[in-house]
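Student: Given only the sequences and the hints, what does the whole structure look like? Please build it.
Protein chains in written order, with our numbering: chain A, 19 to 122; chain B, 4 to 635; chain C, 3 to 459.
No lab work stands behind these hints, which were simulated from the structure alone. Model, not experiment: these values are computed from the prediction. Glycine included, C-beta positions come from ideal geometry on N, C-alpha and C. Treat the hints with care, as some may be off.
[Claimed, not checked] To give a feel for the contact side, a few chain B residues facing chain A, derived at Cβ under 8 angstroms:
#, residue
1, Leu191
2, Leu516
3, Val517
4, Ser521
5, Ala524
6, Gly612
7, Met618
8, Ala620
9, Ser624
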Amino acid sequence: MSEIPLSHILFVSTALFFIGMYGMFTRRNMITMLMSIELMLNSVNINFIAFNKYLFPGNLDGLFFTIFIITIAAAEAAVAIAIIINLYRNHKSIDVEEADALKH
Amino acid sequence: MEQFIWLIPALPLLGFLINGIGNKSVPRGMSGLVASITVLGGFILSVVLFLQLLSDPNLVIQQKLFTWMATSTMEVDFGFMVDRLSVIMLLVITGVGFLIHVYSMGYMHEEPDYARYFAYLNLFVFFMLILVLGSGYLMMFVGWEGVGLCSYLLIGFWFKNNDYNAAASKAFIMNRIGDLGFLLGMFLMLQTFGSLSYDKVISGASTMSVGTPVLTAIALLLFVGAMGKSAQLPLYTWLPDAMAGPTPVSALIHAATMVTAGIYMVVRSNVIYVLAPFASEIVLIVGILTALLAAFVGLKQTDIKKVLAYSTVSQLGLMFVALGLGAYKTALFHVVTHAFFKALLFLCSGSVIHAMGGEQDMRKMGGLKKALPITHLTFLIGTLAITGIPPFAGFFSKDEIMASAFATNGWIFALVCFCALLTAIYMFRLYFLTFHGEFRGSQHQQEHLHESPASMTTPLIVLAILSTIGGFIGMPEIMHAPHLLSRFLKPVTAMAESYTSLHVTHTFEYILLVSSVSILAIVIWFSHRKYAVQKHVPAAPQELSGFQWVLHNKFFVDEFYDAIIVRPLRMVSSLGYRWIEQGFIDGIVNGFGTVATSLSAALRYLQSGAIGFYMIAMVISFIVVFFIQMFL
Amino acid sequence: MNILIAITAVGVLAMLSEILNFRRFLYPISLFVMLVALALTGMEWSHGVRYFNDMLYMDNYAVVFTGIMVVTTLLWFMMNENFLNGNPRQADFTAIISFALGGAMVMAGFSDLIMLFLGVEILSISMYVLAASNKSEPRSNEAGFKYFLMGAFASGFLLFGIALVYGATGSFNLREISEFVSENNTDMSAIFYGGVLMIAAGLAFKVAAAPFHFWAPDVYEGSPTPFTAFMSTVVKTAAFAAFLRLFSTCFSEVSTWWSPVLAIMSALSMLVGSIMALRQTSLKRLLAWSGVANAGYMLMAVVSLNEYSDTALVLYAAAYSIASIGIFTLVSNMTNAGNEEISSLHGFSKVNRFPALVITVLMFSIAGIPPLAGFFGKYAIFAGALKDGFVWLAVVAVLSSAISVFYYLKVVVAMFQPAGREAVQLEFNPGQSLVLGLVLVLVVVLGLVPALITTLI
Numbered sequence: 019m020s021e022i023p024l025s026h027i028l029f030v031s032t033a034l035f036f037i038g039m040y041g042m043f044t045r046r047n048m049i050t051m052l053m054s055i056e057l058m059l060n061s062v063n064i065n066f067i068a069f070n071k072y073l074f075p076g077n078l079d080g081l082f083f084t085i086f087i088i089t090i091a092a093a094e095a096a097v098a099i100a101i102i103i104n105l106y107r108n109h110k111s112i113d114v115e116e117a118d119a120l121k122h
Numbered sequence: 004m005e006q007f008i009w010l011i012p013a014l015p016l017l018g019f020l021i022n023g024i025g026n027k028s029v030p031r032g033m034s035g036l037v038a039s040i041t042v043l044g045g046f047i048l049s050v051v052l053f054l055q056l057l058s059d060p061n062l063v064i065q066q067k068l069f070t071w072m073a074t075s076t077m078e079v080d081f082g083f084m085v086d087r088l089s090v091i092m093l094l095v096i097t098g099v100g101f102l103i104h105v106y107s108m109g110y111m112h113e114e115p116d117y118a119r120y121f122a123y124l125n126l127f128v129f130f131m132l133i134l135v136l137g138s139g140y141l142m143m144f145v146g147w148e149g150v151g152l153c154s155y156l157l158i159g160f161w162f163k164n165n166d167y168n169a170a171a172s173k174a175f176i177m178n179r180i181g182d183l184g185f186l187l188g189m190f191l192m193l194q195t196f197g198s199l200s201y202d203k204v205i206s207g208a209s210t211m212s213v214g215t216p217v218l219t220a221i222a223l224l225l226f227v228g229a230m231g232k233s234a235q236l237p238l239y240t241w242l243p244d245a246m247a248g249p250t251p252v253s254a255l256i257h258a259a260t261m262v263t264a265g266i267y268m269v270v271r272s273n274v275i276y277v278l279a280p281f282a283s284e285i286v287l288i289v290g291i292l293t294a295l296l297a298a299f300v301g302l303k304q305t306d307i308k309k310v311l312a313y314s315t316v317s318q319l320g321l322m323f324v325a326l327g328l329g330a331y332k333t334a335l336f337h338v339v340t341h342a343f344f345k346a347l348l349f350l351c352s353g354s355v356i357h358a359m360g361g362e363q364d365m366r367k368m369g370g371l372k373k374a375l376p377i378t379h380l381t382f383l384i385g386t387l388a389i390t391g392i393p394p395f396a397g398f399f400s401k402d403e404i405m406a407s408a409f410a411t412n413g414w415i416f417a418l419v420c421f422c423a424l425l426t427a428i429y430m431f432r433l434y435f436l437t438f439h440g441e442f443r444g445s446q447h448q449q450e451h452l453h454e455s456p457a458s459m460t461t462p463l464i465v466l467a468i469l470s471t472i473g474g475f476i477g478m479p480e481i482m483h484a485p486h487l488l489s490r491f492l493k494p495v496t497a498m499a500e501s502y503t504s505l506h507v508t509h510t511f512e513y514i515l516l517v518s519s520v521s522i523l524a525i526v527i528w529f530s531h532r533k534y535a536v537q538k539h540v541p542a543a544p545q546e547l548s549g550f551q552w553v554l555h556n557k558f559f560v561d562e563f564y565d566a567i568i569v570r571p572l573r574m575v576s577s578l579g580y581r582w583i584e585q586g587f588i589d590g591i592v593n594g595f596g597t598v599a600t601s602l603s604a605a606l607r608y609l610q611s612g613a614i615g616f617y618m619i620a621m622v623i624s625f626i627v628v629f630f631i632q633m634f635l
Numbered sequence: 003m004n005i006l007i008a009i010t011a012v013g014v015l016a017m018l019s020e021i022l023n024f025r026r027f028l029y030p031i032s033l034f035v036m037l038v039a040l041a042l043t044g045m046e047w048s049h050g051v052r053y054f055n056d057m058l059y060m061d062n063y064a065v066v067f068t069g070i071m072v073v074t075t076l077l078w079f080m081m082n083e084n085f086l087n088g089n090p091r092q093a094d095f096t097a098i099i100s101f102a103l104g105g106a107m108v109m110a111g112f113s114d115l116i117m118l119f120l121g122v123e124i125l126s127i128s129m130y131v132l133a134a135s136n137k138s139e140p141r142s143n144e145a146g147f148k149y150f151l152m153g154a155f156a157s158g159f160l161l162f163g164i165a166l167v168y169g170a171t172g173s174f175n176l177r178e179i180s181e182f183v184s185e186n187n188t189d190m191s192a193i194f195y196g197g198v199l200m201i202a203a204g205l206a207f208k209v210a211a212a213p214f215h216f217w218a219p220d221v222y223e224g225s226p227t228p229f230t231a232f233m234s235t236v237v238k239t240a241a242f243a244a245f246l247r248l249f250s251t252c253f254s255e256v257s258t259w260w261s262p263v264l265a266i267m268s269a270l271s272m273l274v275g276s277i278m279a280l281r282q283t284s285l286k287r288l289l290a291w292s293g294v295a296n297a298g299y300m301l302m303a304v305v306s307l308n309e310y311s312d313t314a315l316v317l318y319a320a321a322y323s324i325a326s327i328g329i330f331t332l333v334s335n336m337t338n339a340g341n342e343e344i345s346s347l348h349g350f351s352k353v354n355r356f357p358a359l360v361i362t363v364l365m366f367s368i369a370g371i372p373p374l375a376g377f378f379g380k381y382a383i384f385a386g387a388l389k390d391g392f393v394w395l396a397v398v399a400v401l402s403s404a405i406s407v408f409y410y411l412k413v414v415v416a417m418f419q420p421a422g423r424e425a426v427q428l429e430f431n432p433g434q435s436l437v438l439g440l441v442l443v444l445v446v447v448l449g450l451v452p453a454l455i456t457t458l459i
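Tutor: Written as C-alpha cells, this is what we have:
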C-alpha cells in the first residue's frame with residue numbers, strides 16, 4: 019500500500035478552506051456562516067497535522083497547535099451561539115442582512 | 004550669560020502659567036503686569052546677550068538641552084543657539100512685544116477674560132522665542148507650529164462671534180498647508196544631511212555645488228512653509244481675515260513678529276538658497292507678485308485694519324523680493340524697520356478704534372486729528388516711515404531693496420518702485436480719510452471721542468521714535484555713515500555674499516533719493532487734495548460706479564488723475580480682489596475640500612453595512628495583492 | 003509573568019465576587035490590582051526572562067508595551083466608574099476586560115506562534131462578547147455579530163498563514179523561524195511567502211488597516227462606548243505590538259517581499275481613514291475612521307523596519323492610546339446624554355472649561371501639532387519611513403495628516419461655538435476629571451521629553 023502524497027492532503031485542506039470561504043460569502047443565515055468558519059478552521063487543522071506527519075515527524079508541535087485550535091473554536095462557537103440568540107430576540111430572524119443599521 | 008539663555012523663553016512661559024492657571028483668580032492689574040514684566044525680563048537679557056555678541060565677532064553661543072533621537076546615521080538634538088541673526092530677532096520680539104503688552108493693558112481693560120488674553124499673548128512670545136532661539140530646524144518647527152497655534156487662539160479670542168471662528172480656522176488650515184512644505188523639507192534635510200541642526204546642515208550644504216537638485220527641492224519646500232506663515236501668494240488670504248482678532252494681536256503677531264518668521268527662516272538657510280538659484284528666482288517672483296497684488300487690493304479697502312493687513316502682505320512681499328535677490332541683510336533690515344512702523348500703525352489704528360467705540364470703517368471717521376493729537380502725530384510718523392520718506396526708518400530699508408533690485412534687473416526695479424508708489428497712495432488715503440476732513444460718524448461716537456490712556460500712548464510714542472531713528476542702523480553708502488546692521492550681520496551671511504554682489508553707483512543712489520521723494524510729494528499732494536480738501540469719501544463698493552467717481556471730482560486735474568491713475572488702478576484692484584483672491588485662491592482652497600468630500604461620498608458606498616460585501620472586498624483585495632506579489 | 007497572574011486574578015476574583023457577594027469592593031480591588039500590575043511590569047524591566055519553555059519572552063519591548071496597556075486599562079477603569087459601579091453586570095465586565103488585557107499582554111510578549119494565536123483569540127473573543135454586551139440594543143447586537151463573523155474569518159487567514167509558515171520552516175518558535183529564514187533566505191519555498199502574506203492579512207484585520215478595515219467603523223459605532231474606548235486603545239496597541247514583533251524578528255530578512263504590500267495598505271488606510279472621517283457627523287464614528295487612518299501611520303513603522311521603528315511605534319502607540327482615552331471620556335458622557343453628534347457639543351466650553359481645554363489639547367496632539375506627544379510620534383514614524391526610502395509613503399502620510407487637521411479641528415470649533423438649541427448638558431465626575439488631568443500631563447510631558455519612554459526599550 020503506497021502512502022498518500024502530501025500534496026493530495028494539502029489539496030483537500032485548501033479546497034476545504036475555500037469551500038468555507040464560499041459559504042461565508044453566499045450564506046445569509048448566521049448558523050450556516052458559523053459552520054463555514056468551522057470548515058475553514060478544520061482545513062487549517064488538516065494542514066497542521068499533514069505538515070507535522072510528513073515533514074517534521076520528530077516532534078509534535080503541529081498536533082498541539084491543532085488541539086489549541088479545536089479548543090478556541092469551541093469557545094468561539096459558544097460566543098457565536100449567544101450572539102445569535104440575542105440577534106434572534108431583537109430581530110426575530112438570524113439573517114445577517116436583516117441587521118444593517120450600521121453603515122457609511 | 005551663556006547658561007541663562009533658557010531664561011529668555013522661560014520667563015514668558017512663567018507668565019503664561021501664572022495667568023493660564025490662575026485665570027480669573029489673578030487680580031486684573033496683576034495679570035497684565037506679570038505678562039509685561041516677564042517679556043521685559045526677556046528684553047533685558049537679550050540686550051545683555053547683544054552686548055556680549057557685539058564685543059566678539061565670532062561668538063556663537065550653543066547650548067544643548069538633550070538628544071531627542073540618535074542613531075548611527077542621524078542625530079536630532081534640542082538646543083539653543085544664539086548668533087548675531089537670532090539676537091536681532093530676539094531684540095525685536097521682546098522689545099516690540101513688551102510695548103504691545105503694555106499697550107494691551109490699556110486696550111483690553113474692559114475685556115472680562117483679561118487673564119486668558121495675556122496668557123495667550125505670553126505663550127505666543129514664548130513660542131516665537133523658541134522659534135528664533137532653536138539650534139536646528141526641528142526646534143524652529145516646534146516654535147513655528149506653536150506660534151501658529153497661538154495665532155489661532157488669539158484670532159478666535161472673541162469666540163462668541165462665528166465669523167471670528169471661521170477666520171481662525173482659515174488661518175490655521177492655511178498655515179498647515181504651508182507646514183506641509185516645511186515638514187517635507189525637514190525630512191529631506193534629515194535624509195540628505197543626517198541632521199537638522201543649523202551648523203551641520205549649513206556645513207553639509209556648503210560642500211555641494213550650485214544647483215544641486217536636492218538643495219533646490221529643500222529650498223522650495225521650505226519656501227512653501229514660508230509662504231504659509233508669511234502670507235505669500237497663494238496662501239495669503241488668511242492674513243486679512245485674521246484681523247478679526249484684537250488689534251494689539253494684529254500688531255504683534257500679524258505685523259511685527261510671526262509673519263516675519265518665514266523671512267527669518269530663509270535668512271537662516273541663506274546658504275541653501277544661494278546654492279539653489281532656481282528656488283531663489285521663485286522666491287523673487289512670488290514676492291513681487293504678492294507685493295503688487297496686495298498693494299492693489301489695499302487701494303480699495305475701507306476697513307482701517309484691512310488696509311494695514313494688505314499693506315503688511317505687500318511689505319512682506321518686498322522682503323521676499325530682497326531674499327530672492329540674495330540681499331539677505333536687506334530683508335532683515337526691512338523686517339526690523341517694518342516691525343517698528345507697522346506695529347506703530349496697528350497700535351494707532353487700535354487707538355482710533357478704541358476712541359470710535361469699535362468702529363473700523365474709515366468712511367465713518369474723519370477729522371480725528373483734533374480729538375486724538377498723539378495718535379494723529381504718531382500715525383503720521385508711521386505713514387511717513389512706511390512710504391519711505393527720509394529720514395524715517397522705512398526709507399533706508401526700502402531704498403536698499405530698490406538698490407539691490409536695480410543692481411540685478413531693471414524690470415524688478417520698476418515693479419518695486421511701482422509697488423512703493425501704490426503703498427504711498429493707499430497709506431495717505433488712509434491717513435487723510437481718518438484724521439482730516441470732517442467727522443462722519445454718529446453723534447454718539449463724536450461725544451465719546453477721546454485720546455487713549457497713557458498706557459496706550461506711551462508705546463505709541465516709543466514706537467514713533469523708533470520709526471524715526473530706526474533706519475540709521477543701516478545708512479546707504481552716500482551718507483558716509485557706517486552700515487551698522489550690515490557689519491553686525493557679516494558672519495551670518497558671509498557665504499551668501501561671496502556669490503552675489505549687489506552694488507550700485509553713487510549717482511544712481513542720488514537719483515533714486517531725489518526722484519522717490521519728489522514722486523511721494525506729488526502723491527501726498529493729490530491725496531491731501533482729494534480726501535482732506537475736497538472731503539471725498541469712498542462709497543461702499545456695491546453702490547460705486549465709475550461714472551459717480553468722475554462726478555465726484557469737479558476739477559479737470561482730478562478727472563485727469565482719475566482717468567489716468569485711479570480708474571485703471573481700481574480696475575486692477577477689483578480684478579485682483581475678485582478674480583485672483585476670491586476666484587482663484589479661494590477656489591483652490593475650496594476645491595481641495597470639494598475633492599476630498601466628493602471622494603468620501605464615493606467611498607461611502609463601499610461602507611455598505613453588508614457583511615458579505617465586506618468579506619468579499621477583503622478577499623478580492625488580498626487576491627489582487629497576492630497575484631501581484633507572486634507573479635509580477 | 004507575575005503580571006499575567008495578577009491580571010487574570012482580577013478576572014477570577016470578579017467572577018468569585020458574584021458568588022461570594024463582595025461586588026461593591028470589586029471596583030477598588032480592580033484599580034488596586036492594576037496599580038500592582040503596573041509595579042510588577044516595572045520590575046520585569048531589563049531582565050529579559052523567557053517563560054514557559056520560550057513561549058513568552060518578556061524583553062523590554064514587551065514590558066514597555068505591557069506598561070502602556072496597563073496604564074491605559076487603569077485609566078479606562080477610572081473613567082468608567084459610573085458605568086461599572088452598580089451595574090448588575092459589573093463582575094462580568096471586569097472579568098472580561100481583565101482577560102482581554104491578559105490576551106493583549108500575551109500578544110506583546112509572545113515568542114511562539116502558538117502564543118500569538120492564543121493571545122489574538124483571548125483578546126478577540128472577549129471583545130466579541132463586550133461588543134454585543136448591550137443585549138437590548140439591536141445596534142450592539144449587530145456590532146457583535148459583525149465583529150465576530152469577520153474576526154473569525156480573519157483568524158482563519160491568520161491560522162492558514164501560520165500553518166504555511168510552519169510547513170516551510172518546521173517550527174513555531176520565533177527564534178528558530180528567524181534562524182531558518184536567515185540561513186535559507188534565498189531559496190524559501192513558495193508556501194512560506196504565501197504564509198507571510200496571509201499572516202499579514204490576518205493581522206491587518208486586527209489593526210483595522212485598509213482594505214481590511216470594513217468592520218471597524220460599524221463595530222466601533224455599535225458597541226457600548228466604554229468598550230469602543232478599549233478597542234481603540236488597548237486592542238489596537240496590542241495588535242500593533244504583535245505585528246511589529248513578528249515581522250521584525252522573523253521576517254525582516256525577506257522584507258523586500260512584504261514591505262511593498264504593507265506600504266500600499268498603509269497608504270490606503272491613511273487616505274481612506276482621513277477622507278471618510280471628513281464627512282462624519284457622529285464623534286464616535288469619526289474616531290473610528292480616524293482610528294483607521296492612525297492604523298496607517300503605525301503600519302509605516304512596520305513597513306520601514308529599522309533600528310528604531312520599535313521606538314517610534316511605542317511613542318506613537320502611547321500618544322495615541324492616551325489621547326484616545328481622554329477623548330472617549332467625552333464620548334462616553336455624550337452617549338449617556340443620548341447624543342453623539344458633534345453639533346451637540348456647541349456651548350460645551352462654556353460649561354466645562356477644563357474638559358474643553360484638555361480635549362482641545364488632545365485633538366491637537368492626535369492631529370500632530372508640536373510640542374505635544376502626538377507630533378513626536380508622527381515625526382519619528384515619518385522619519386523612519388524616509389530613512390528606509392519610502393519617500394512617497396511619507397508624502398502620503400503628511401498629506402493625510404494635513405487632511406486630518408480639518409476634522410479634528412471640526413470638533414474643537416464645535417466645542418467653542420455658542421450653544422444652540424440642541425445643546426446637551428454633560429457632567430464629568432471626579433474620576434473622569436482626574437483621567438483628563440492625568441492625560442493632559444502625560445501628553446505634554448511625553449511631548450517635551452519623549453526620551454522618558456523611548457529610552458526604556
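Student: Determine for every hint whether it applies to the structure shown.
Tutor: Status of each hint after checking the structure:
1. Leu191: violated, 38 angstroms
2. Leu516: B/Leu516 check fails; min Cβ-Cβ to chain A is 68 angstroms, beyond 8 angstroms.
3. Val517: Hint violated; B/Val517 Cβ to chain A Cβ min 71 angstroms, cut 8 angstroms.
4. Ser521: With a minimum Cβ separation of about 68 angstroms from chain A (threshold 8 angstroms), the hint on B/Ser521 is violated.
5. Ala524: violated, 67 angstroms
6. Gly612: holds, 3 angstroms
7. Met618: holds, 6 angstroms
8. Ala620: violated, 11 angstroms
9. Ser624: Interface hint status for B/Ser624: violated (14 angstroms vs cutoff 8 angstroms).
Hints 1, 2, 3, 4, 5, 8 and 9 from the list above are not met by this structure, while the remaining hints are.
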